[in-house]
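Q: Each chain is listed here by its residues.
2 protein chains.
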Amino acid sequence: MNLRQQLDYLFNPGSVALIGASNNLAKWGFHVLSLIIAKGGRPIYPINKNEDEVQGLKAYPSVGQVPGPVDLAVITVPFSEVPAAMRDCARKGVKVAVVIPGGFAETGSEGARTQREVMEIARQGGIRVVGPNGMGHFNTSADFFTVPYLPPVKKGPLALIAQSGNTSQSIVYLACEMGLGFSKYVSSGNEADLHFEDYMEYLGQDEETKIILGYIEGLKEGRRFFELAKEITRKKPVVIMKAGRTVAGARAAWSHTAALAGSDVVSEAAFRQSGVIRVEEVNELIDVALVLLGQPLPRGRRVGVLSAGGGAAVIAADALMGQRLELPQLSQTTIKKLDSLLPPRWSHVNPVETGGDPFSYSCLWALIEDENVDAALVIGGGGVTGSYAKWVSLPSSVSGQIDQWLEDAEVSELDDVDESVELMKKYQKPIIFANMGVPTPRRGKIYEKLQQKYIIPFLTPERAAKALAHLVQYSEYVRG
Amino acid sequence: MNLRQQLDYLFNPGSVALIGASNNLAKWGFHVLSLIIAKGGRPIYPINKNEDEVQGLKAYPSVGQVPGPVDLAVITVPFSEVPAAMRDCARKGVKVAVVIPGGFAETGSEGARTQREVMEIARQGGIRVVGPNGMGHFNTSADFFTVPYLPPVKKGPLALIAQSGNTSQSIVYLACEMGLGFSKYVSSGNEADLHFEDYMEYLGQDEETKIILGYIEGLKEGRRFFELAKEITRKKPVVIMKAGRTVAGARAAWSHTAALAGSDVVSEAAFRQSGVIRVEEVNELIDVALVLLGQPLPRGRRVGVLSAGGGAAVIAADALMGQRLELPQLSQTTIKKLDSLLPPRWSHVNPVETGGDPFSYSCLWALIEDENVDAALVIGGGGVTGSYAKWVSLPSSVSGQIDQWLEDAEVSELDDVDESVELMKKYQKPIIFANMGVPTPRRGKIYEKLQQKYIIPFLTPERAAKALAHLVQYSEYVRG
Numbered sequence: 001m002n003l004r005q006q007l008d009y010l011f012n013p014g015s016v017a018l019i020g021a022s023n024n025l026a027k028w029g030f031h032v033l034s035l036i037i038a039k040g041g042r043p044i045y046p047i048n049k050n051e052d053e054v055q056g057l058k059a060y061p062s063v064g065q066v067p068g069p070v071d072l073a074v075i076t077v078p079f080s081e082v083p084a085a086m087r088d089c090a091r092k093g094v095k096v097a098v099v100i101p102g103g104f105a106e107t108g109s110e111g112a113r114t115q116r117e118v119m120e121i122a123r124q125g126g127i128r129v130v131g132p133n134g135m136g137h138f139n140t141s142a143d144f145f146t147v148p149y150l151p152p153v154k155k156g157p158l159a160l161i162a163q164s165g166n167t168s169q170s171i172v173y174l175a176c177e178m179g180l181g182f183s184k185y186v187s188s189g190n191e192a193d194l195h196f197e198d199y200m201e202y203l204g205q206d207e208e209t210k211i212i213l214g215y216i217e218g219l220k221e222g223r224r225f226f227e228l229a230k231e232i233t234r235k236k237p238v239v240i241m242k243a244g245r246t247v248a249g250a251r252a253a254w255s256h257t258a259a260l261a262g263s264d265v266v267s268e269a270a271f272r273q274s275g276v277i278r279v280e281e282v283n284e285l286i287d288v289a290l291v292l293l294g295q296p297l298p299r300g301r302r303v304g305v306l307s308a309g310g311g312a313a314v315i316a317a318d319a320l321m322g323q324r325l326e327l328p329q330l331s332q333t334t335i336k337k338l339d340s341l342l343p344p345r346w347s348h349v350n351p352v353e354t355g356g357d358p359f360s361y362s363c364l365w366a367l368i369e370d371e372n373v374d375a376a377l378v379i380g381g382g383g384v385t386g387s388y389a390k391w392v393s394l395p396s397s398v399s400g401q402i403d404q405w406l407e408d409a410e411v412s413e414l415d416d417v418d419e420s421v422e423l424m425k426k427y428q429k430p431i432i433f434a435n436m437g438v439p440t441p442r443r444g445k446i447y448e449k450l451q452q453k454y455i456i457p458f459l460t461p462e463r464a465a466k467a468l469a470h471l472v473q474y475s476e477y478v479r480g
Numbered sequence: 001m002n003l004r005q006q007l008d009y010l011f012n013p014g015s016v017a018l019i020g021a022s023n024n025l026a027k028w029g030f031h032v033l034s035l036i037i038a039k040g041g042r043p044i045y046p047i048n049k050n051e052d053e054v055q056g057l058k059a060y061p062s063v064g065q066v067p068g069p070v071d072l073a074v075i076t077v078p079f080s081e082v083p084a085a086m087r088d089c090a091r092k093g094v095k096v097a098v099v100i101p102g103g104f105a106e107t108g109s110e111g112a113r114t115q116r117e118v119m120e121i122a123r124q125g126g127i128r129v130v131g132p133n134g135m136g137h138f139n140t141s142a143d144f145f146t147v148p149y150l151p152p153v154k155k156g157p158l159a160l161i162a163q164s165g166n167t168s169q170s171i172v173y174l175a176c177e178m179g180l181g182f183s184k185y186v187s188s189g190n191e192a193d194l195h196f197e198d199y200m201e202y203l204g205q206d207e208e209t210k211i212i213l214g215y216i217e218g219l220k221e222g223r224r225f226f227e228l229a230k231e232i233t234r235k236k237p238v239v240i241m242k243a244g245r246t247v248a249g250a251r252a253a254w255s256h257t258a259a260l261a262g263s264d265v266v267s268e269a270a271f272r273q274s275g276v277i278r279v280e281e282v283n284e285l286i287d288v289a290l291v292l293l294g295q296p297l298p299r300g301r302r303v304g305v306l307s308a309g310g311g312a313a314v315i316a317a318d319a320l321m322g323q324r325l326e327l328p329q330l331s332q333t334t335i336k337k338l339d340s341l342l343p344p345r346w347s348h349v350n351p352v353e354t355g356g357d358p359f360s361y362s363c364l365w366a367l368i369e370d371e372n373v374d375a376a377l378v379i380g381g382g383g384v385t386g387s388y389a390k391w392v393s394l395p396s397s398v399s400g401q402i403d404q405w406l407e408d409a410e411v412s413e414l415d416d417v418d419e420s421v422e423l424m425k426k427y428q429k430p431i432i433f434a435n436m437g438v439p440t441p442r443r444g445k446i447y448e449k450l451q452q453k454y455i456i457p458f459l460t461p462e463r464a465a466k467a468l469a470h471l472v473q474y475s476e477y478v479r480g
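Protein chains in written order, with the numbering used here: chain A, 1 to 480; chain B, 1 to 480.
Derived by calculation from the structure, the hints in this document are not laboratory data.
Copies of the same chain look alike in the list, so a pair counts if it works inside one copy or between any two.
Using 30 angstroms as the maximum straight-line C-alpha spacing, the simulated DSBU-like pairs for lysine-lysine come out as follows:
1. K27 - K336
2. K27 - K337
3. K453 - K337
4. K27 - K445
5. K39 - K27
6. K210 - K230
7. K337 - K449
8. K49 - K27
Let's have the full structure, built from the sequences with the hints guiding it.
A: In structure tokens:
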């Protein structure tokens, strides 16, 4: 079996056994089983020495006593029982094992010895192993999940490989919040057998995956990662958060997943040379995914800013320049166009401060048309009107008018969104939206549309600027 | 009249006239009036040339025709009508005028001429002027608001002076989200008369104000600011976001409020030497306010990290070191204590990775007692259990158990919060909490308690680390 076939068994097994299946709500083996049962779609075999039945299904004392074949075993028994469980799996001919418990190489030499023992059993039995010390995996197209405690995940273009369970939980949560869906996910744990690079190779070829996100503490096969990345980033973006970049961080990574964080300077150079987009914070993974999905690749780093508010314009300008993007001068033609569209008090420079909310969108076309502008950053709009309107203090005599006001605002904001998307397509220039800390309400028609088009406004100009800077850099790499 | 008396008239006027009062929902003069009426508490005089009555109150064609004295005039008429309105105010003996419209110095030489004209009228009439081109002000203890479109603001220790209306709106919103209250607020606009420094001097002496927040684009009296700051920061913290730090940002600041941003290197040095806490993003203003209110001042920069999750521990370590904080080695005594409290798989280094959620709080005392540790950063906990629990997929046979589980979790988390606050007090060391991107739910008993104690977990370790670094730096300044 080649790697692809092996990982097909992981992501879409014909049958699954859960070694450590439990009726006790406090156990991990409870939650994994109830999740697998809830999704259904394949034979499920709970393994439990002491129970005849677990969560309504017939249970077996060992995986060897399961009547049919077992493609995948999820192991949630305590650390000390893992070698015996793996021996059972090897005898049974299990293809892949997902080992959840910790206590192995990450805890020191004794744990490392047990880890080697377990791996030797797996190797001899021809079993590929995920983990140990991971949190599970999922595949939305097969509707198969072994990782509990996640918000509902929908099908979509992202794949995530993570060397930390709890961090990946946050990443998935943040993506779901933005309406993004996933193809596949794996928490790779200590990577005693299957490495980050194995999953990456597989996902690089996976047609359901359009963007690969990764959380890395240390790579086992740096050279292979680099070669794979060079190949994959030509077809699909790879966005990586590499932690353990400081001395204290690297020490923590060692005790977490026995990962050697390595020199951050070397990592940084390797990422850059292979077109990998490296981010610094967890939420940036999702920010970058959003611009990759929602925006065309910019042809340069010159950004036109549009803002109804002056403070926001200043902050946006600082943020863009802080990311080494440029704010070009507007052409004379653009200034003439804006003079005809905006009140006389408009700023007459880039950033364009329009002098009032209603004008921002009606002049966006003029800014995006400017040949000096490669992308636009628009502050405000995008569904926040409702947030402010609800705070308005109205005398009872006119309080009925507020509903009409909000309705009108919604219609007009929907038009603005449509028009922005049209402009983005027509000129093939990114148009990024950002708020000033006030989040776009997570409901209603505007939100649905923003989500569908991957253009939910960033919470701050700083986050928008960072995401755009990554997009520019990736574009420069891809265009050569 | 001295400055203090003048600003008392601004923040707590005996009577107020609104020049530009309107029945039209689309006008600024509508919202300011309805807000002042809703709060009540003093004679209110709508001024409108064409109406006998506005929003149910008798209206006057000019401020001169108001029967009683007028302490404060809020002017919302268009730019071109401001000189005439100010002339009326001067004749009437108005003490302070808040001028909302833009179109003045920020738009060029013609606007600057009108601004000079208006200021000359005010000066001759002995009127102090807020703005022009501002958004209003408020004083919670007098329940007096002239700035619309804000969420409900409660009384509290923060004051805000802002050289941008829209940005200050965001700052107030972010503070309210964290349960923080305000004493006073002013949007200072073009500062043609009253300067940032005037408000700062006043708030430095204001007993209701414990922390002064500021958004600055450019200072009119840099030397005075510096001298005031040196004095005030000995008594109360001053937290400043200074924008316009890049070339493009400074250009935007000029066209926004005619502010000269000046050299950022000079600003930075002045802030540092006068004990001002300078932040880089709008949300950091609130992050720093939270740690100032909730935490004792640390005696050093050595931070102990506690995390149930390994990835979070690595990220926290990187974030702290990125802010030039230190992660000290744990003392042998602490390691022994932790050995007795935690499962054997705990990390045995700082960051302390506990090896499971339930252990984080039960060992916090041991970490905070360590003489090598000046402050603790705790990742996880703080009310997020409920967020995860709601995603758990449960078979119907046991779904009743989830409520009990959540109830137990709440009781235990409440205890954890109490204990943390006790430890913080006992050892006089900061204990900062952070999540991994998943927000603490904004409801329930835990949230109330977290809010009351100013210890709502930061959304990310990076934000927590930044806030703590500011606290350390301020502490070093104050302690000399």
